[in-house]
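Visitor: For the sequence shown, position 15 matches number 15 in this note's numbering, and the numbering has no gaps at all.
Wrong hints could be hidden among the right ones.
To be verified - Derived DSS-like pairs (lysine-lysine); straight-line CA-CA distance at most 30 angstroms:
1. K180 x K151
2. K36 x K151
3. K88 x K112
4. K36 x K62
5. K146 x K180
6. K180 x K36
7. K151 x K55
8. K36 x K55
9. K151 x K62
10. K62 x K180
11. K86 x K112
Unchecked claim - Label-pair ranges, simulated between beta-carbon atoms:
12. L28 x T126: 40 to 48 angstroms
13. Q19 x T133: 23 to 31 angstroms
14. L78 x T14: 16 to 24 angstroms
15. R139 x G172: 25 to 33 angstroms
16. F60 x G172: 42 to 50 angstroms
17. L78 x G106: 23 to 31 angstroms
18. K112 x L81: 35 to 43 angstroms
19. K112 x P26: 32 to 40 angstroms
20. T142 x T14: 39 to 47 angstroms
21. L79 x R24: 17 to 25 angstroms
22. E56 x K112: 57 to 65 angstroms
23. C119 x L144: 18 to 26 angstroms
In case anyone wonders, no lab produced these hints; they're calculated from the structure.
Using N, Cα and C, we set each Cβ at its ideal position, and we do this for glycine too.
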Amino acid sequence: MDQVTFETMWRMSTESETQHLFLRLPQLELYAEPDKAGPESILNLYPSYEPISEKELPSFAKSGCKFETITIDTPNYLLHLMNTFKSKGGNVIRAHVQHISQAIDGGFGVPKPDAVVVCAGIGARTLGGVEDTHVYPIRGQTVLVKAPWIKFGRTCGSTDGTWTYIIPRRSGDVIVGGIKVENDWCVILSLASFSCKNEFDGLNE
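Work the whole structure out from these sequences, hints included.
Guide: Structure, rendered in structure tokens:
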């Protein structure tokens, strides 16, 4: 599925109607663990994939690779998906669902569906008929900056499982991140847990 998705979006990045939604760019990945960029890596499916030799790695990295990829201008891409869905006869109904049976049984004035796909996120904990208590939040924070001159991607992995990354978009926006805190329910921005300097230190080395 990963390969099919990438090949579809790679093609869309050259088509006149959708190329504005994507940015093709060189990507550099650096890992704290050895042998993460070997021949078995799923990243092999990307164009120009090449592991980085040990002598080329910065001091904090144990392995790495580079390749060509795309980034998605997410707000515009979601709008494109919605417009495509509607143009093919799709309808959007906004409603508050208390129990999954309301969708399965064809509630809200629509016929009984052939299938229901539940994408409730953290709401799966409380949605009647689902109530999956194993679902929990993983809190993250990112910074969105305007930097249209950035035309490359960078990702650095850490031994604690967190990632530092730069993700530019076609629009000129650049996402800088991030943090990852499991089972953190706080919805308030915490400057104490996110430092732009710390995020860039690894990327600048």
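Visitor: For a quick check of understanding: which of the numbered hints are violated here, in increasing order?
Guide: Violated: hints 13, 16, 18, 19, 20.
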